[in-house]
Amino acid sequence: MISPHRSPADDPHADAATLYGPRFQNNPAQVYREMRRKHGAVAPVLLEGGVPAWCVLGYREVHHVTSNPGLFGRDSRRWNCWNAVSHDWSLRPYVAYQPSVAFTEGDEHRRRGGALAEALADVDEFELRTQVERICDRLIDGFAGRGEADLIAEYTHQIPLLALLKIYGLREDEAPPLIRDVARSGEEGEEAIQAHERIVARMLKLAKEKRRNPGRDVPSFLQAHPVGFTDHEIATDLFVTMGAGYLTTSDWIGNAIRLMLTDERFAVTLSGGRRSVGQALDEVLWEDTPTQNFVGRWATQDTWLGGQRIREGDLLVLGLAAANTDPLVRPDCGTGTVGNQAHLSFSHGEHGCPFPAQEIARLITTTSIEVLLDRLPDVALAVAPDALVWRPSVWMRGLTALPVTFTGC
1 MISPHRSPAD DPHADAATLY GPRFQNNPAQ VYREMRRKHG AVAPVLLEGG
51 VPAWCVLGYR EVHHVTSNPG LFGRDSRRWN CWNAVSHDWS LRPYVAYQPS
101 VAFTEGDEHR RRGGALAEAL ADVDEFELRT QVERICDRLI DGFAGRGEAD
151 LIAEYTHQIP LLALLKIYGL REDEAPPLIR DVARSGEEGE EAIQAHERIV
201 ARMLKLAKEK RRNPGRDVPS FLQAHPVGFT DHEIATDLFV TMGAGYLTTS
251 DWIGNAIRLM LTDERFAVTL SGGRRSVGQA LDEVLWEDTP TQNFVGRWAT
301 QDTWLGGQRI REGDLLVLGL AAANTDPLVR PDCGTGTVGN QAHLSFSHGE
351 HGCPFPAQEI ARLITTTSIE VLLDRLPDVA LAVAPDALVW RPSVWMRGLT
401 ALPVTFTGC
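Residues in the sequence shown are numbered from 1 upward in steps of one, following full-length UniProt numbering.
Because the hints were derived from the structure by calculation, they are not lab data. You may find that some hints are simply not true.
Here are the computed distance ranges between Cβ atoms for each label pair [claimed, not checked]:
{"hint": "1", "residue 1": "R362", "residue 2": "T230", "range": "26 to 34 Å"}
{"hint": "2", "residue 1": "E127", "residue 2": "P331", "range": "38 to 46 Å"}
{"hint": "3", "residue 1": "D75", "residue 2": "R129", "range": "31 to 39 Å"}
{"hint": "4", "residue 1": "E312", "residue 2": "E133", "range": "46 to 54 Å"}
{"hint": "5", "residue 1": "G408", "residue 2": "R265", "range": "26 to 34 Å"}
{"hint": "6", "residue 1": "K38", "residue 2": "W304", "range": "35 to 43 Å"}
{"hint": "7", "residue 1": "P177", "residue 2": "E359", "range": "22 to 30 Å"}
{"hint": "8", "residue 1": "P22", "residue 2": "G349", "range": "29 to 37 Å"}
{"hint": "9", "residue 1": "H87", "residue 2": "R60", "range": "35 to 43 Å"}
{"hint": "10", "residue 1": "T230", "residue 2": "E191", "range": "22 to 30 Å"}
Note that CB positions come from ideal geometry on N, CA and C, so glycine has one too.
Kindly generate the complete structure, drawing on both the sequences and the hints.
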């Protein structure tokens with residue numbers, strides 16, 4: 001597909017890399033390296049369906065884009081390729097404008113983003129930790145006697161959403177359909193679109209319920225905030241927070257457990273290894289971050305970035321995983337990650353992940369792994385490491401399954 005504002009003769013996407021398909025799914029790091037060698041810090045790419053975009057691979061370039069919202073905005077309505085994508089394009093839910101905090105700009109974003117950050121900061125972390133410990137114990141109780149389990153389906157994919165249900169004031173019996181739909185919404189295809197629509201509808205219903213019967217939860221906090229949210233605004237913000245908080249946190253847990261079960265540096269302290277948990281979580285954010293790419297930013301005017309001519313309305317994909325391994329800022333990847341929080345896994349700038357959300361995610365991930373190691377100290381991978389399968393997604397990096405064995409109890 002040729003960008004509508006360029007002729008085939010000078011189209012820079014004629015030899016663009018594809019950010020989809022088995023090769024990208026199985027080894028995205030290799031794809032990023034090849035893109036960097038060929039194009040530098042900013043590379044032309046094709047998203048599913050042959051849709052053109054620019055992938056920002058350089059650490060400094062991602063920092064520049066996220067630090068300049070006036071030049072690279074979040075309102076997707078300025079995209080110059082809307083006439084080139086079909087209505088059922090599977091990535092449309094991530095790109096189509098919604099009245100959520102994720103697509104607001106300027107003063108409106110600062111008001112709404114600030115209110116959402118306040119709502120998350122109001123969460124009682126001591127109470128949340130206690131709730132997460134109970135959730136983890138209950139899930140482990142369900143498979144502890146078998147001596148084997150799939151930690152993705154039976155553990156990591158359930159914990160963050162069950163914790164979010166508490167934060168949102170939802171009943172726990174609503175978890176199964178939400179778990180299925182949020183997981184599907186992070187994939188590709190028609191089911192992703194339908195799952196997205198069902199989640200937003202449930203969040204709208206929740207917003208209306210909390211307006212009638214407020215409680216000590218995030219939607220009630222937003223209802224009472226002086227910003228004056230509408231129910232639909234709250235619903236879309238709750239969906240964005242759920243999508244960002246659930247899948248990324250789930251994959252953060254799963255990727256860290258995989259690292260601890262497959263890397264001998266962590267295996268030597270696994271059975272007693274609380275000291276290793278924080279190190280594993282930090283290393284995953286650098287080397288195998290759950291959010292590998294983020295869509296996106298749209299150029300508000302013609303400009304240059306990383307040696308590439310960016311036209312007004314062009315879509316930029318933030319290559320967070322690639323930026324974290326940029327050899328210009330990390331010539332020796334795999335070293336120096338302990339305690340180093342300079343990664344871009346939470347993005348950067350006013351549209352980066354709010355600090356209270358980062359704190360909640362770290363609390364959930366740390367608690368989940370610590371409880372697992374306390375309960376199942378001899379847990380071991382049940383298959384060869386290279387037999388593990390990564391979920392197909394241009395945005396997320398997570399496993400489809402993590403089979404393990406342990407001494408039953």
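Hint by hint, here is what the structure shows:
1. Hint check: R362 to T230, Cβ distance near 32 Å, so the stated range 26 to 34 Å holds.
2. About 44 Å separates the C-beta atoms of E127 and P331, a value consistent with the hinted range of 38 to 46 Å.
3. Between D75 and R129 the C-beta distance comes to about 37 Å, which sits within the given range of 31 to 39 Å.
4. Distance hint for E312 and E133: a CB-CB separation of about 51 Å, consistent with the stated range 46 to 54 Å.
5. Range check, G408 to R265: Cβ separation about 28 Å, and the 26 to 34 Å hint holds.
6. A hinted range of 35 to 43 Å for the beta carbons of K38 and W304 is inconsistent with their spacing of about 18 Å.
7. Evaluation of the 22 to 30 Å hint for P177 and E359 yields a pass: the beta carbon distance comes to about 28 Å.
8. Distance hint check: the CB atoms of P22 and G349 are about 33 Å apart, consistent with the given range 29 to 37 Å.
9. Against the hinted window of 35 to 43 Å, the Cβ-Cβ separation of H87 and R60 comes to about 37 Å, which satisfies the hint.
10. At about 29 Å, the CB distance of T230 to E191 agrees with the hint of 22 to 30 Å.
Of the numbered hints stated above, the single one contradicted by the structure is hint 6.
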